[in-house]
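Q: Could you put the whole structure together from the sequences, leaning on the hints where they help?
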Amino acid sequence: MDLSIQDLKAQTNFYNFFSTFFREKPSDEWLKFALELVTSWDETSSPLNQQLLENVQKSGLDNYLNSLTQEYERLFFAPGHVPVNLYESVYCGSGLLMQETTINVRQHYLRAGLVVKSLYSIPDDHVSTELEFMQFLSQRILELVQQDGVEEDIKEIMVWRSEFISEHLQQWIPTLAETMRANSTEPFFLLISIGLESLVEE
Amino acid sequence: MPTEKKRYGMVIDTRKCVGCMSCTISCKMENGVPFDGFRAWVDMTERGDFPRVKRNFIPKLCNHCENAPCVTVCPVKASYVDNDGIVLVDQKRCIGCGYCIVDCPYSARYLHEGLKVADKCTFCVHRVKTGLEPACVHNCMGKARIFGDLNDPLSEISQYMTKNGVQTLRPDLGTNPNVFYIDADINKLPNKGGK
Amino acid sequence: MMNRRSFLKWTGAGAAAATLGTAGLFQLRPVNADELESLKNQGIDIKYTADVMCPSECGLEMWVKDGRLTKIYGNKAVPFNDGTCCAKGASGIQLVYSPDRIKYPMIREGERGEGKFRKATWDEAIDYIGKKLTKIKKEHGAESVIMDAGDVTDRDQYWRLFFAFGTPNVFEHGSICDTPRRHGPKLMLGGKRIEPDLMRPVLVRQPDGSLKKDMTYKNKLIIYVGWNPFVATRINYESRGTLAAKVDNGCKIVVVDPSLTNTASQADLWLPIRPGTDGELFAGMLRYILENDNPNSLDRRYIDWGFKKYSEGWDEYLDAFKSWWTKTDPMTNLPYFSVEWTAVRTGISKEQIIELSHMFGSTKPAALVCGMQSPGHHYNGYVASILMTTLNVITGNFDVPGGAIDTEITKSDKGGSATGKDFKKKKVKRTVNGTEVEGEIEKLHMDSYGDWPVAWDDVIGDFPKLFKEGVSLKYGNFKGYKYPIKAYIQRTGNAVLTGSAPYRWIEAITAKDSSGEYKLPLMVTVDTLYLESAVYSDVILPEASYAERMSLSDIYPSHPVLYLRDQVIKPLHESKTPTDIMNLLAKKLYDLGDKDIQPNDFWGKYKSQEDFVNEMLKPAPGRYNVGQPLPYPKLPEGYKLIGTPDSLESGQVTIDNEKKEAKGVPVTVEWLRKNKGVAVWPMSWYRYRKSDATNGEYVANKVFPNTKSKLVEFKFSMYADLDKKIQEGLGVSSGMKELGWEHLPSTFYWFETNWNPNTNPKYKKYANEYPFQLIVGRVHQAMSGTQMIPWLAQTPCEGIYMPLNNAFEHEILDANPAKKEGFELKVKKFKANTWCVGTLLMHSQDAAKLGLKTGDMIEIENPLKRSVKSKVFVSEGIRPGVVKMGFGTGGRFSPGLGGTYKQKDYTPSHNMLVDPDSLSPLMGMPTYADMIVKIKKL
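Chains as they are written, first to last, in the numbering used here: chain A, 1 to 202; chain B, 1 to 195; chain C, 1 to 938.
To be clear, the hints were calculated from the coordinates, so they are not data collected in a lab.
Everything hinted at is true.
Each computed DSBU-like pair below joins lysine-lysine, with the alpha-carbon atoms no more than 30 Å apart: (1) K25(A) / K570(C); (2) K163(B) / K220(C); (3) K218(C) / K143(B); (4) K129(B) / K674(C); (5) K212(C) / K143(B); (6) K32(A) / K116(C); (7) K116(B) / K828(C); (8) K576(C) / K25(A); (9) K54(B) / K849(C); (10) K47(C) / K129(B); (11) K246(C) / K163(B); (12) K119(C) / K58(A); (13) K143(B) / K220(C); (14) K188(B) / K246(C); (15) K220(C) / K54(B); (16) K252(C) / K188(B); (17) K350(C) / K54(B); (18) K424(C) / K132(C); (19) K76(C) / K6(B); (20) K674(C) / K143(B); (21) K765(C) / K327(C); (22) K188(B) / K853(C); (23) K143(B) / K71(C); (24) K937(C) / K54(B); (25) K587(C) / K117(A); (26) K25(A) / K103(C); (27) K308(C) / K252(C); (28) K195(B) / K828(C); (29) K192(B) / K246(C); (30) K427(C) / K465(C); (31) K71(C) / K92(B).
Residues of chain B clear of chain C, computed beta-carbon distances all greater than 10 Å: (32) K5; (33) K6; (34) I58; (35) N67; (36) Y80; (37) I95; (38) Q159; (39) T162; (40) R170.
Predicted, not measured: the structure shown is a model, and the values here were computed from it.
No residue lacks a Cβ here, since even glycine has one placed at the ideal position from N, Cα and C.
A: Here it is in structure tokens:
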């Protein structure tokens, strides 16, 4: 991974973007801007972009944003069985929450001097938290590089980052993305899933 | 004070089994057994004609045989007997060939779907080494499972066996199991309790 | 498609993403230096708690690592379960960490039943509920709010809140559990739950003054009628105890049950009785014993006439019982209660009835125990319950070693002033027919002052009717007063599925008035799991699971035993403990101006769960120093005992001679934690008698049992008191009218059950078209609540819960060696016959006649033209002409049930076939076991 400042900035911003998206239900305002961003990821002529534009035109922007919110609720927050689970241990552990994987994630955070605020109550391996962690690490590297920091320190954090990606994110984010695609036909969410997946590719 | 080495065994007193399958599920809880696998289970067969009907409960698990066919057949020596008589699988050595699974006359082994190696009851060796009993023994609702050192004549299990007549499954095969049954009427079971 | 190169292309877009991120850390925070060490190396923390996977509430030992619950075992220090733990208990982890559990408050969008909810904050949800409750109280009175604390215990916080709010209509699961079964012990002993003396170890005072754990079984005969302890597990010690008594003490076990339950299978004798005829059996046994008892014969000394010293009203009871002997039963043309009559009614041979009667009369000590399914679920169950109690008493088996113990009057007290029952004494005014009337809140109770004056366990089965028609009070100060039901708060019950027929409930809950509003404006569910009742609610509040809250065990031991349900792990997600929910809602109501809610009754007083539990512990054990051997020889006999075992033992007590109490140091949460979570007080037997030194004999101690006269009552003073209330009211209740009663009887009575063509002439006409009696029983699941647990779907049970699933798909982990942990989440195809589903158990003869074999699909229809589909399981283990299903196993229509939800279309929901208008006449219990059906192959 090269250390171009531009790259680091982009990564930090994207981790932040996705972390925010999955943390809680986004407002209509936020979704409006996100729409613009998301459509820029693919060629304008791609089928997904076309479909999205059609959907916006068909229902009008306000209604469309509203339907995105409802779809968000349906996918991630339905009571009882949720179509798309956002915890790593459900994908990598025994299908339950708060399992070995979760504890391992906690150890990664601790190594970097961090701990979740709701320790023991809310599992540490929520996608939003994991991405926030990645954002934090990328931000640290960026700061060190900009300030001409000690080479060892930069290398250490880079190791933390690549280990977290390979031991955790790469183990489940692709499946999470697939699950999103399997449960929704809304092109906005499909584009989100594609972006998310690319973020953790090696 | 017994100075010889230990020989762990289990007595299953079927007179006290209530058919609750806590052994099956407690084992899964203790050892993270996957959905399709079982280290411990209960065979249930209905016998007789109305109204003289009975539902027989025969709890089963690995017999930790002294003469274990699964140990002899393993091509990479992953299956072995430890110092206390417990038959174990070194899952790092196991290549998942499946010979032991087929060869066990008690159907005690299964292929772990995730790890792709042979898996089976370990008498909860991780608990036993710290002085605790296997999870299935602790939780058994009927207190029908007695576990301990067969080499110690004063142990609970030795005394229990002295007081009650015991049988083993497939005694004709010479496996010398260390799991004993009381009142299981083994001669009437299909294939004498084998698979 | 995207790849890394194209990702790098977006770096321009990265700037745009920046505006959409949020600065700083949200979920993470820096760790403190002192935290770091302890977080890295956490050993195992062992906590002692009480299970809630079923109402048995066994003492458990839970292992916690890194703040996670990892292992579950039985707590060896608790004599109730003595270290054992069933499959349900052991699978608790799959409930606590279920990804399908309710995680945050939810508010309904769309119609009730659509299952559409949006996530809400606690503030929003409590505000919604508080505002609606306040409005309803202003417009209709607090009594129009029902608080149903449902299925399992830890209900006291909710009861307290709603009593203070001003409604007496506060319920729990008991109403739809088995109220007719409790009737006899309640009337005659002041208790409710007769069990054999099988709890071992029991702590017994020795002649030298020491206390010893006694493991010896003294039982010689146990007869279980309509009771399956090995599967129902409600009284944990009956599993190991029944068979230990058999093996160690030669105790004979007889099971009377239409189906071969697991208990019947291990018994010495299985009598496959016709459903709904246990009363007949007991009546036949009693008549045989009375007619053949011979005090001069060693072999036939059935009756221990000493019972008369400790009872009253026997002569009247005997007269009433005998008055039937000369009457002829129109169904059989035989005299009532004769062995011939019993044989025809029960379908058990005359010889077997004589043998059983003789066996019960001549074997001592013995216990006759009847259970939930029968008579608990029959229209006329009271009759059987009264007879069962009678038989135990007159044979000299009540409260003797190895005999029958009423465990309701031997268990420890708990609750005290925390329960808030005193709030019900508050006086309110209501206008009745133009006149202002004043009275206590409790006199507004919808059942005991409404249609069910006798129902001391309340009635839930008729809620749908009351939701639609409102309450009309007929007795007490407020007779003539009418009020509607405007809110239904359901906590951890699942009444929409289990509270009689689901279609009735759904109809009542979704009914709208002429302006398009729901007739029942507010329905709230408080639970950990998303069950059918939640699907129909307006607001769902996530309650902390049993491992995440603190309270006390509710068990039925032979002597006082009380243990702590300690909070093992922190509440997960956004769930809250009952204490927190109580305080939040109380504060909201207070802030909205409710004068009945005072800070010092709620959040001002209970700052933690421990505060609440300590108040609940104040009255413990609250039982008397009576019987032999005397529990505390150094304390006054007959006095009420309060305080920890060690303070009572060491004499660190104050004696109150006025109140006749011996008060030691109160039990506290801290004390329990220091003692492996449990307090155990000594056992005694013969608790109804004391020694009269002057005359050298035993006499009644007038302290125990718990009736008005403190004697066993064959003449029912409870009925006498209730009858007074009824006669002063607006006529007799509809239940009494159904029976043709103008008054409640003073002693023994008899009437027939419903939907039984063999015993009740009313149903003869259905016999041909509906040839099967349908009964229902437990499986290795806790009723309706736990059916989403995958491990428990691997515990087949008795032909009614069998691995006969159709192939289906469900998300689960499947092996993928390429992944680090070897698993990945994907949709797994479950092969047929690997997952347990509810099935119908049928006798092979009946199956052959219908051309059925195990696994075939059938349709089951009742005379009300309701039908369900099912697979059939063919066996020899059931009486021909009878079919059986499992509770809560089929037709589950909430997605929160996981894999079980996928089986809903071909598995039977027993409650769909219940007659919702058949409620037992005194207690209003839905008659789950009174039904007949026809079956056809599909």
